[in-house]
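Required output: the full structure, derived from the provided sequences and hints.
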Amino acid sequence: MLRVVPPKTHAPLTPAVLHILLALAAEERHGYGIMKQVQADSGGQVTMGPGTLYGSLNRMLDAGLIRESARRVDPEMDDERRIYYRISALGQTTLKAELERYRRVLTVAQQSHIVGKGVAYGQ
Amino acid sequence: MASDSKLERSRVWYSRLLGFYPQRFRDRFAEGMEQTFADVYRERRAAGRGVTGFVFGAFAETFIGILVQHVEQMRSSSMTRDTSGVLKTVRLGAIGLALLLVCGIVTVMVLARGTGEDITGVVAPALLLVIVSAVVAVVTTVAAKRAGNHGASRP
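Chains G and A are the protein sequences, given in the same order. Residue numbers are given in the working numbering: position 51 of the first sequence equals residue 51, and the series is strictly consecutive. Residue numbers are given in the working numbering: position 130 of the second sequence equals residue 130, and the series is strictly consecutive.
No wet-lab data here; the hints were simulated from the structure. Given the structure is predicted, the values throughout are model-derived calculations rather than measurements. It is possible that part of the hints are untrue.
Claimed, not checked - SDA-like, lysine to any residue: derived pairs with alpha carbons at most 25 Å apart:
#1 Lys36(G) <-> Asp4(A)
#2 Lys36(G) <-> Tyr41(A)
#3 Lys6(A) <-> Arg81(G)
Claimed, not checked - Examples of chain G residues lying across from chain A (beta carbon under 10 Å, computed):
#4 Gly31
#5 Tyr32
#6 Ile34
#7 Lys36
#8 Gly49
#9 Pro50
#10 Thr52
#11 Leu53
#12 Tyr54
#13 Gly55
#14 Leu57
#15 Asn58
#16 Arg59
#17 Glu68
#18 Met77
#19 Glu80
Claimed, not checked - DEER-style ranges, computed between Cβ atoms:
#20 Ala40(G) <-> Met74(A): 30 to 38 Å
#21 Glu72(A) <-> Ser112(G): 32 to 40 Å
#22 Val105(G) <-> Thr141(A): 48 to 56 Å
#23 Glu72(A) <-> Val105(G): 24 to 32 Å
#24 Ile95(A) <-> Pro75(G): 47 to 55 Å
#25 Pro75(G) <-> Arg146(A): 51 to 59 Å
Just so you know, even glycine gets a beta-carbon here, dropped at the ideal spot from N, CA and C.
See below:
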């Protein structure tokens, strides 16, 4: 009998990994860029220091969720060359699967009238 | 200018702290972490927010990160049977145990001095354990060196 095996997507993700994947979904970023984007995406509710950020990046690189890009200077900052990170195909699949999981949870919560529609951070 | 020298000083100390990460992690991320530390420092300073709290927070958070990475490395090295890593851990454990026992023996001897109490029953097994620990430390050191040489001679 045939059994459908779901793709390995590493879901569920930790909040740090989810936010980093979200930050990298649109474009490549360096460490500080990721930190700023995570802060912006979460309305300032999720902040991470260098230790947490790079610990997560290490695990995500090992898991194949992200890749290192070329080292280059950020024109909006100083003249230091920085390592950029980009989301991989597996990272995109994993992010979609995780967001779908969140969507299903939110639907259940809305059906149970635990939360209203149009839920966002801190509301 | 004074602020820049403060940043440079903090950056140098942060860079030293990063030296305690496992080598693989350090090679991969130390430069980026140092840059990110300096970026956040500059951002807070430009926004007129205090940097002292950030510096302490970053040092504490990074210190915890260092411990986590070492634990993860030990776990992965035992999973991949990285003998030199396991031998190093055993050696450190044996040396630590031996030092602890020596301290205990000395304390017992000092406390028992002049009381006429027979402490042979306590000291003898402890001394035996010290000897065993010392032997384990020596054996693991030799084995780790051999494993290192063997690993180095492999392509």
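Need the list of violated hint numbers for this structure, in ascending order.
Failing hints: none at all.
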